[in-house]
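Participant: Residue strings, one per chain:
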Amino acid sequence: MTDQVAQISYPSEERGLSTKHREWLAGYLFVLPDALGLFIFLGVPMVLSLVIGFFEVDGFGGYRFVGLANYQRMMRDPLFWQAARVTALYAILLVPLLFVCGLGLALLVQKSNRFNSVIRSMFFAPHVVSLVVVALVWQLMSVDKIGILSRLMSALGLPGVSLLGDPNLALLAVVAVSLWFLMGYYMLIFLGGLQDIPVQYYEAAEIDGAGPVQRFWYITLPLLKPTSFFVLMISMVAAVAGAQAFDIIYVMTKGGPANSTAVLIIYIYQQAFGFGAFGYAAAMASILVAALVLMTAILFLFTRGGRFEHA
Amino acid sequence: MNDSRTPTGKTAGVSRRSLLAGTAALAAGTVTGFPFINRMAVRAQDAPLKFWQFYAPGGQVASQVAWFEKTVADWNDSHAQKIELEYVPNSEYINGTKLATAFASGTGPDIFIISPGDFLRYYNGGVLHDLTPFISEEARADFPESVIANRMVDGKIYGIPMEVEPMAIYYSVKAFEEAGLNENDVPKTWEELLDVAQKLTTPERYGIVFETKPGYYQNFTWYPFMWQGGGEIQSEDGRSAFDSPATVQALKFWQDAINLGVAPRQVLGYGANDATANLGSGYCAMQNVGIWAISQLTNNAPDMPFGVFPLPTPPGGKYVTVGGGWAFVANARGRNPDAAGEFCAWALASMEQGSIDRVVNWCTEAKSDMPPRNSALEAGGDAFNRGVMGVFSQEIHPGTRAEPRVPPEVYKIISDAIQQTQLGGADPQATATAASQQLDAFLASYNGAPIL
Amino acid sequence: MPRPHFFAPSQARLLQFVWMAVSAVLAAMTLFPLFWMVSIAFKTPAESFSPNMIPAAPTWQNFIYVLTEVPFLRYMFNSFIVSATVTVVALLFHSMAGYALARLRFPGREAIFLAIFSTLLVSLPVIIVPLFIVVKTLGMLNSYAGLIVPAIFNAFGIFLLRQYYLSLPRELEEAAVIDGAGYWRIYWSVVLPLSRPILAALTILFFLANWNSFLWPLTITADQNLWVVQVGIANFQSQYSAAWNYMMAASTIVALPMLILFVIFQRQIMESIKTSGLK
Numbered sequence: 000m001t002d003q004v005a006q007i008s009y010p011s012e013e014r015g016l017s018t019k020h021r022e023w024l025a026g027y028l029f030v031l032p033d034a035l036g037l038f039i040f041l042g043v044p045m046v047l048s049l050v051i052g053f054f055e056v057d058g059f060g061g062y063r064f065v066g067l068a069n070y071q072r073m074m075r076d077p078l079f080w081q082a083a084r085v086t087a088l089y090a091i092l093l094v095p096l097l098f099v100c101g102l103g104l105a106l107l108v109q110k111s112n113r114f115n116s117v118i119r120s121m122f123f124a125p126h127v128v129s130l131v132v133v134a135l136v137w138q139l140m141s142v143d144k145i146g147i148l149s150r151l152m153s154a155l156g157l158p159g160v161s162l163l164g165d166p167n168l169a170l171l172a173v174v175a176v177s178l179w180f181l182m183g184y185y186m187l188i189f190l191g192g193l194q195d196i197p198v199q200y201y202e203a204a205e206i207d208g209a210g211p212v213q214r215f216w217y218i219t220l221p222l223l224k225p226t227s228f229f230v231l232m233i234s235m236v237a238a239v240a241g242a243q244a245f246d247i248i249y250v251m252t253k254g255g256p257a258n259s260t261a262v263l264i265i266y267i268y269q270q271a272f273g274f275g276a277f278g279y280a281a282a283m284a285s286i287l288v289a290a291l292v293l294m295t296a297i298l299f300l301f302t303r304g305g306r307f308e309h310a
Numbered sequence: 000m001n002d003s004r005t006p007t008g009k010t011a012g013v014s015r016r017s018l019l020a021g022t023a024a025l026a027a028g029t030v031t032g033f034p035f036i037n038r039m040a041v042r043a044q045d046a047p048l049k050f051w052q053f054y055a056p057g058g059q060v061a062s063q064v065a066w067f068e069k070t071v072a073d074w075n076d077s078h079a080q081k082i083e084l085e086y087v088p089n090s091e092y093i094n095g096t097k098l099a100t101a102f103a104s105g106t107g108p109d110i111f112i113i114s115p116g117d118f119l120r121y122y123n124g125g126v127l128h129d130l131t132p133f134i135s136e137e138a139r140a141d142f143p144e145s146v147i148a149n150r151m152v153d154g155k156i157y158g159i160p161m162e163v164e165p166m167a168i169y170y171s172v173k174a175f176e177e178a179g180l181n182e183n184d185v186p187k188t189w190e191e192l193l194d195v196a197q198k199l200t201t202p203e204r205y206g207i208v209f210e211t212k213p214g215y216y217q218n219f220t221w222y223p224f225m226w227q228g229g230g231e232i233q234s235e236d237g238r239s240a241f242d243s244p245a246t247v248q249a250l251k252f253w254q255d256a257i258n259l260g261v262a263p264r265q266v267l268g269y270g271a272n273d274a275t276a277n278l279g280s281g282y283c284a285m286q287n288v289g290i291w292a293i294s295q296l297t298n299n300a301p302d303m304p305f306g307v308f309p310l311p312t313p314p315g316g317k318y319v320t321v322g323g324g325w326a327f328v329a330n331a332r333g334r335n336p337d338a339a340g341e342f343c344a345w346a347l348a349s350m351e352q353g354s355i356d357r358v359v360n361w362c363t364e365a366k367s368d369m370p371p372r373n374s375a376l377e378a379g380g381d382a383f384n385r386g387v388m389g390v391f392s393q394e395i396h397p398g399t400r401a402e403p404r405v406p407p408e409v410y411k412i413i414s415d416a417i418q419q420t421q422l423g424g425a426d427p428q429a430t431a432t433a434a435s436q437q438l439d440a441f442l443a444s445y446n447g448a449p450i451l
Numbered sequence: 000m001p002r003p004h005f006f007a008p009s010q011a012r013l014l015q016f017v018w019m020a021v022s023a024v025l026a027a028m029t030l031f032p033l034f035w036m037v038s039i040a041f042k043t044p045a046e047s048f049s050p051n052m053i054p055a056a057p058t059w060q061n062f063i064y065v066l067t068e069v070p071f072l073r074y075m076f077n078s079f080i081v082s083a084t085v086t087v088v089a090l091l092f093h094s095m096a097g098y099a100l101a102r103l104r105f106p107g108r109e110a111i112f113l114a115i116f117s118t119l120l121v122s123l124p125v126i127i128v129p130l131f132i133v134v135k136t137l138g139m140l141n142s143y144a145g146l147i148v149p150a151i152f153n154a155f156g157i158f159l160l161r162q163y164y165l166s167l168p169r170e171l172e173e174a175a176v177i178d179g180a181g182y183w184r185i186y187w188s189v190v191l192p193l194s195r196p197i198l199a200a201l202t203i204l205f206f207l208a209n210w211n212s213f214l215w216p217l218t219i220t221a222d223q224n225l226w227v228v229q230v231g232i233a234n235f236q237s238q239y240s241a242a243w244n245y246m247m248a249a250s251t252i253v254a255l256p257m258l259i260l261f262v263i264f265q266r267q268i269m270e271s272i273k274t275s276g277l278k
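Chains as they are written, first to last, in numbering that gives the first Met the number 0: chain Z, 0 to 310; chain E, 0 to 451; chain V, 0 to 278.
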């Protein structure tokens, strides 16, 4: 990945290291604390997890090398494939919705005034509360017959709908709650990105007679590219492997009814902590990470790491 | 035994722990030097043993917390090896990562509590200490076979039950009256149950609640319906017995309740084990729930009169219900397994009056449960025979069969079968056949302790 | 949103009114489940599950119980210490790394970025056992260090800051370079002040993430004195039932400081760009 941005021409230095080497050194030193911490607390565990995927583990210290057996088991395990399908569906539904809603809300409340600042806080408010607790509240609101959402459906001429108890609906319901919970978060990130766009661009466009739609299409969207890239990457990872998706599903449905909301991370959790099959769980986790690497790499290449084309 | 890092048996190649610890130590060592690792090894020999459970101060029921505190305080007063309580919130204890992480990294508690659903996982993992040497013959005989059998392997005891929690059906007296029913209309058969449930169903209320969330608990509540028609998970010859008319009719029974609209697809609150949230709130008129609901309802829904009756039976079936309950166990790889085992026996399985009283206390004051010991049932006397408790001890409890202990794989196969038929609308016969084939495939390669 | 000069003044007013109405309705819908939570916090146990929104007999009893019968203030103190420390340290480290990854040129930069990014792809449940062993090896079990240190390192913040620094105008930095400033000084006195909006946003996100974290604090602590708020809330679930009234009351108490934090910091996010002289 060649780099064409951030080229600052620094005056050359006479003494000590050459300018180039000074910049190298500064770069390494600036990255060092985080790189070290990430290596110890995430890198090492990730590698260990990958290694464990080649072992049969009983969860009590028993440990036997089995080569690719866990991966072979995965290929034959219908529940793994079912979970993979559910995960893909969940992500395909959630990621675009999050992007559109996050950006939409950000545009809605972008202008700085007191009214908007209240509205912004309201959109963000779900995020302030513990996910487990709000998931319980949603469960209460969607319970059969007497839940307020079920009453609403009845009033709309759809009686007897069970949002979380019907295998055909439960995933949609879970996506809706995930969207509700996460959109304020992405709104905030988009707001940050929108604030970066120099207002002169809009002024120039307005003078040229561009309408709101054109301004959005030709200024906002292109200049929002680094943020958009970030949001797409993060929301994709969040949908596929995120702790929040896990919490919502785990509290609301435990993967049911009939495995219809059992995403991979739920199945992995169940294998590891319910059944003590740490080896099998680690193997599935490795596959999940590999799939994410593939997807993010494609996205990365497509958008050149979210950098601008010019510069 | 002065160091938790001593090798713990199982020497098939490198132990996973040492490999993990080694790699981690290497990573850690490169940045921090090694002093930390040495510090870990220097652990005082007489440090208190850790006792993990989920009855933490600040939780809901003060009398349960007090019982644990008093038990440990009494032991510490009279013994050199001290014990210390450590708490894990209940939902995390049952479904969380905490215990699994601790055991996987060799930092499990010295004493803990388990349910029958977990027994085989821990036993097959080699962490359950044999408690038989600490229990006298007389005390052993004090535990009925139906209570102790699923905690035993090859005639040895690996867990001491603290309670027996049989399942029954509770009903709201008010809902019955509203529907023009009284205690004589209490259903005796499955058909009658669905019929009564239909009468009790209103636009605001369901006739009956069965558990709907997948989990060990749902399986637990479903087993008696399978047993009543003579169904079993496993036959005498060790093969799957799941594809039987009894299993199919039990799956169909729960499916019918949903299809008739008399049972909900979602329950309120924590789950169908929560009587306050479902029966107490008026969400349902009858609820399939265990003996613990007595104290739930009397404490949290005092204005709601309720009754209880034994599980109804299918045509040609025989009454049976399932009894759950937790047990004290000692970690065989803990710092002092013998002292831990001695504690378990001292607390719950000694013929001393203190031990018997402790069991009575737990089952009457801390909880509303059936005691796991004959002597405690006698000593409790009237407490077990009053009111709804009386219905349990006289009508419901005598038909109790212990909660089966099954390996996780078996649990999952059965859970999926229940979910697919109950909520997924799958054909019961085809589902039972498919599940049975999966069970056979698993059982052929299973070589742990017997499934009961 | 750019000012709609496109429309006549009366149209513009109408548009603005519709705009505000839409925002308000959407926001109210978003808040609805939270009202429900607060409502349960004022209900009695028997009423917790009833479908009515307004409590029949509102009571403060749940709040009193949470604050007096349970060491809840202790849990809040722990959560505060952990969240504040993690946030401050993480902001420093992440902005340093983000700056270097976006603005400095050195061999292996993209590789390092990708390696850092890859750590985003695993979630905690997947690596919790190996992580626990690492932390145990470092002797940090059951301590504040164990609660704090592993929570600092998170690629999310680095990634977000890098994206932000990529889009900062170059001229600002160049002025400092011409003055002959070293990299630390450029970072400290030019880049950091420019990052105020994004750092304000991250402060909210980091603080919240740690304030509401549950799984790791639960796994790493055995001592009840080290419990954080979410573990305390989980403890209101007993074996067969959950005291929803207490859980909701506790959650309301826990959410309030966060809402205040958000209100304070969002002003920073929205306004500081103006003061930086960019516009």
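Think of the hints as simulated: they come from the structure by calculation, not from any bench.
Just so it is clear, CB atoms sit at the ideal spot from N, CA and C, and this is done for glycine as well.
Check each hint, because a few of them may be wrong.
Chain E side only, calculated, beta carbon under 8 Å to chain Z, not exhaustive [as the list claims (entries may be wrong)]: (1) Ala61; (2) Gln265; (3) Gln418.
Cβ-Cβ distance ranges computed for the label pairs, FRET-style [stated by the list, open to error]: (4) Z:Ala154 to V:Ala144: 47 to 57 Å; (5) E:Asp76 to V:Ser142: 27 to 37 Å; (6) V:Leu171 to E:Glu83: 25 to 35 Å; (7) V:Ser142 to Z:Phe64: 31 to 41 Å; (8) V:Ala114 to E:Asn75: 31 to 41 Å.
Within a straight-line C-alpha distance of at most 25 Å, the following computed BS3-like cross-link-like pairs (lysine-lysine) qualify [what the hints assert, rightly or not]: (9) E:Lys155 to E:Lys251; (10) Z:Lys253 to E:Lys81; (11) E:Lys69 to Z:Lys253; (12) E:Lys198 to E:Lys187; (13) E:Lys155 to E:Lys173; (14) E:Lys155 to E:Lys198.
Participant: Where does the structure disagree with the numbered hints, that is, which hint numbers, in rising order?
Facilitator: 1, 6, 8, 9, 10, 11, 13 and 14
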